[in-house]
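Q: Please build the complete structure, drawing on both the sequences and the hints.
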Amino acid sequence: MELLDFPPETFRRMIDYLVSGAGVIESWKLRGVCRNFDQEISENILAIQPMGAFRSHLASRLLSEPENMKHYLAYHVKNPRDVFLELLTKIREMVEYVTKELETENDCQDRNILLEVCACVADTCRYTGDLLWTSEPDLCYEPWLTFRNEWRQKQCESPGSGLDWHEKFIAALSVRAYGLVARLLPDTPRYLRQSVWDYPISAAVRLGDSEMITLMLDVLDQEKSKIWKRNQMLDSDSIYNIQVGVSHSITNNHAEMTALLLEYLHDYKFLTNKPFYHEWVKLAIDCQNNESLKSLLQVTAEDSPYHIVNRTFEQGCRKGSLNIVKTLLKYGQVQLHSSSSTSSALAASIRSGTVDMVREVVEAGADIDYAMTTHRIARRPTITSLEYAIHIKKYDVVAYLIECRAKVPSESIWPSRGKILKVLQKAVEERKKKSKTSKAAKIAK
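Under our numbering, the letters of the sequence shown match residues 1 to 445, in that order.
Don't take each hint at face value.
[As the list claims (entries may be wrong)] Here are the computed distance ranges between Cβ atoms for each label pair: (1) 211 <-> 235: 17 to 25 angstroms; (2) 225 <-> 29: 30 to 38 angstroms; (3) 164 <-> 363: 54 to 62 angstroms; (4) 370 <-> 432: 35 to 43 angstroms; (5) 190 <-> 365: 32 to 40 angstroms; (6) 404 <-> 29: 47 to 55 angstroms.
[Claimed, not checked] Here are the simulated lysine to aspartate or glutamate pairs, EDC-like style, with alpha carbons at most 20 angstroms apart: (7) 282 <-> 314; (8) 330 <-> 356; (9) 393 <-> 356; (10) 330 <-> 286; (11) 326 <-> 367; (12) 326 <-> 363; (13) 229 <-> 291; (14) 407 <-> 396; (15) 224 <-> 263; (16) 78 <-> 105; (17) 419 <-> 403; (18) 224 <-> 164; (19) 29 <-> 40; (20) 78 <-> 26; (21) 224 <-> 209; (22) 393 <-> 403; (23) 78 <-> 67; (24) 422 <-> 411; (25) 426 <-> 396.
Since the hints were derived computationally from the structure, they do not count as laboratory data.
Glycine included, each C-beta is placed from N, C-alpha and C at the ideal position.
A: Shown next, in the form of structure tokens:
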């Protein structure tokens with residue numbers, strides 16, 4: 001008898017035996033055998049397996065994926081197993097709230113509201129795992145442990161007490177109920193108290209909902225006081241706080257979100273002096289998010305480009321993205337050459353980049369024969385970029401700088417053997433020939 005020909009209940013028991021015996025990770029790999037395996041194994045792992053099945057690092061990573069956590073929450077809202085109930089109760093209240101609102105707008109047809117809300121919770125609840133499982137105090141940061149226990153106690157003491165403003169917003173965001181959000185915004189609290197949910201704008205960024213962000217910031221734009229609006233966008237406990245949202249948009253490679261949020265900050269040029277702005281630039285480089293980096297650098301005034309410190313430029317070179325280096329050179333203010341090897345973009349590109357990056361710096365206007373007096377090469381009072389490349393054995397860079405007619409140093413610092421020695425010898429010979437040819441041409445004239 002074929003395996004898939006067994007009655008459904010028998011097949012499910014066999015899958016449960018497989019998952020319990022092989023473990024969550026090994027069973028998860030078997031989902032690709034066929035469509036039935038995918039569905040049944042996924043359901044067994046996410047709906048039936050106890051908390052202990054996810055104790056290993058690899059198993060716990062399954063639930064760190066929002067897509068998996070979405071289904072885990074949806075299954076356990078319907079049939080809780082080995083989890084704390086407070087968060088699941090809150091999800092149920094959120095589903096009831098938005099379902100009632102959507103029914104008045106006839107917008108519930110062919111929609112799985114529970115799954116939509118669970119998807120949003122998986123993305124925007126800051127401590128989903130801790131709220132569902134963690135009970136050991138040693139595993140929690142003390143202030144968070146205190147807050148979590150207070151939150152649970154409040155839910156236990158007054159179950160079904162209703163949703164606060166933040167929870168209503170998250171529920172409305174989950175189903176993209178723009179009309180409902182528009183009705184919620186006039187009742188916005190001045191400040192958000194500590195919550196298990198992400199900031200409203202950050203939550204919208206996580207879900208890629210640019211329309212929700214536009215709706216919220218358009219409401220903020222209606223305020224008359226520019227200073228008050230600025231503070232609302234920068235205060236950590238404001239519903240309009242965008243700092244974390246920009247970081248999320250960069251990390252998740254939502255370049256259009258980065259550009260949208262920065263557009264609202266365009267009038268506040270002082271932002272480039274803020275520590276978080278520098279962190280955004282470094283984060284975009286780390287994530288190799290070139291479009292977000294471009295948006296960040298273009299936010300500054302055209303006549304006063306953002307100054308890229310050499311450490312940041314070298315970080316871009318080290319990450320190995322030529323596009324990042326091009327963006328830094330084009331839209332930022334970079335010190336192309338300097339008397340110090342730690343302040344020179346050319347030296348940084350030689351030290352940490354590729355020959356293509358060195359070429360970009362040279363073509364941007366760096367002086368390849370500029371003498372560096374501050375460096376780490378012993379017994380050399382001054383060095384040029386070519387000498388620096390020779391010292392750190394960058395053959396491709398040496399060859400390129402020679403092509404650019406860089407001054408060849410004295411033989412005393414040449415290597416004793418290898419490709420670099422040969423390219424230097426060849427360069428000297430070719431230049432001697434050209435010198436003789438030019439002298440002969442002058443005599444002939």
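Q: The structure should be examined with respect to each hint, and the outcome stated for every one.
A: Results of checking the hints against the structure:
1. As the Cβ distance of residue 211 to residue 235 is approximately 24 angstroms, the hint placing it in 17 to 25 angstroms holds.
2. Between residue 225 and residue 29, the C-beta spacing of about 57 angstroms breaks the proposed range 30 to 38 angstroms.
3. A hinted range of 54 to 62 angstroms holds for the C-beta pair residue 164 and residue 363, which are about 57 angstroms apart.
4. For the pair residue 370 and residue 432, the supplied restraint of 35 to 43 angstroms is violated, since their beta-carbon distance comes to about 25 angstroms.
5. Checked against the hint of 32 to 40 angstroms, the pair residue 190 and residue 365 fails, with Cβ atoms roughly 51 angstroms apart.
6. Between residue 404 and residue 29 the CB atoms are about 53 angstroms apart, so this pair conforms to the stated range of 47 to 55 angstroms.
7. Our distance criterion of 20 angstroms between C-alpha atoms is met by residue 282 and residue 314, whose separation comes to about 11 angstroms.
8. Between residue 330 and residue 356 the CA atoms are separated by roughly 15 angstroms; this keeps the pair inside 20 angstroms, and the hint holds.
9. The suggested pairing of residue 393 with residue 356 holds, with an alpha-carbon distance near 16 angstroms, which does not exceed 20 angstroms.
10. Between residue 330 and residue 286 the alpha-carbon distance is near 18 angstroms, which keeps this suggested pair within the 20 angstroms criterion.
11. Using a Cα cut-off of 20 angstroms, the hinted pair residue 326 and residue 367 holds, with the two alpha carbons roughly 18 angstroms apart.
12. Of the supplied pair hints, the one linking residue 326 and residue 363 holds, its CA atoms being roughly 11 angstroms apart against a limit of 20 angstroms.
13. Proposed proximity of residue 229 and residue 291 is contradicted: the alpha carbons are some 27 angstroms apart, above 20 angstroms.
14. In summary, the hint linking residue 407 to residue 396 is supported, as the alpha carbons are separated by about 16 angstroms, within the 20 angstroms threshold.
15. With a CA separation close to 18 angstroms, the supplied pair residue 224 and residue 263 stays within the 20 angstroms bound.
16. For a cut-off of 20 angstroms, the pair hint linking residue 78 to residue 105 is broken: about 26 angstroms separates their Cα positions.
17. A C-alpha spacing of about 15 angstroms is found between residue 419 and residue 403, which places the hinted pair at or below 20 angstroms, so the restraint holds.
18. Note on residue 224 and residue 164: the hinted pairing is violated, with a Cα-Cα distance of about 27 angstroms set against a maximum of 20 angstroms.
19. Taken as a hint, the residue 29 and residue 40 pair is honoured in the structure, with Cα atoms around 13 angstroms apart against an allowance of 20 angstroms.
20. Restraint check for residue 78 and residue 26: not satisfied, since their Cα atoms lie roughly 26 angstroms apart, outside the 20 angstroms limit.
21. Restraint check for residue 224 and residue 209: the C-alpha separation of about 26 angstroms exceeds 20 angstroms, so the hint is violated.
22. The straight-line distance between the Cα atoms of residue 393 and residue 403 is roughly 17 angstroms, inside the 20 angstroms bound, and the hint therefore holds.
23. Pair hint residue 78 plus residue 67 holds up; C-alpha atoms about 18 angstroms apart against a cutoff of 20 angstroms.
24. Of the pairs offered as hints, the one joining residue 422 and residue 411 holds, with about 12 angstroms between alpha carbons and a cut-off of 20 angstroms not exceeded.
25. Using a Cα cut-off of 20 angstroms, the hinted pair residue 426 and residue 396 holds, with the two alpha carbons roughly 15 angstroms apart.
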